[in-house]
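A.B. asks: Counting in our numbering, the sequence shown runs from 1 upward without gaps.
Don't read these hints as lab results, they were simulated from the structure. Predicted, not measured: the structure shown is a model, and the values here were computed from it. You can trust all of the hints, since none of them are fake.
The following label-pair restraints were derived from C-beta to C-beta distances: (1) Ile71 with Leu19: 32 to 42 Å; (2) Pro26 with Glu62: 52 to 62 Å; (3) Gly57 with Arg29: 34 to 44 Å; (4) Asp14 with Ala45: 13 to 23 Å.
Glycine included, every Cβ here is placed at the ideal spot set by N, Cα and C.
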Amino acid sequence: ETEDLRTKMRDLEDGVFDLMQSDPVPVARVDSLLAEISHTRLEIARIASRKLIEAKGVLPPEEERFFFDAILESRPTPHFTRGEGQRRSDGRGEGRGDGQGRREGRGEGP
1 ETEDLRTKMR DLEDGVFDLM QSDPVPVARV DSLLAEISHT RLEIARIASR KLIEAKGVLP
61 PEEERFFFDA ILESRPTPHF TRGEGQRRSD GRGEGRGDGQ GRREGRGEGP
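Model the full assembly from the supplied sequences, consistent with the hints where possible.
C.D. replies: Here's what the structure looks like:
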C-alpha cells in the first residue's frame with residue numbers, strides 16, 4: 001500500500017542529492033524537496049500506524065506481543081544512528097573495545 005509513496009520518496013531524495021551537486025546549490029528548491037520528503041514520510045507513517053491499529057484489534061494479547069516484537073526486530077536501523085555495539089564519537093558509552101576482536105596473533109581478544 002505504500003510502494004508508490006516509497007518510490008516517490010526515493011525519487012525526491014535522488015533529486016536532493018542531484019541538487020546538492022549544483023554550483024550554486026538552489027537552496028529554496030532543496031528546502032522544497034525536503035518538505036515534500038517529510039510529508040511523504042508522514043503519509044507512510046500514517047498508513048503503517050493504521051495497519052498496526054487494525055492488527056491490534058484482531059490479535060489476542062499473547063499474539064499481539066509477538067507481532068509487535070517481530071516488527072521491532074525487523075525494522076532497519078537508520079544509517080545515521082548508532083547501532084548496538086557502536087562507540088560514540090566522544091569515545092564514551094557502548095562499544096566493543098579497541099575494535100581488534102579475535103584476530104590471528106592477538107590471542108583470545110580483548
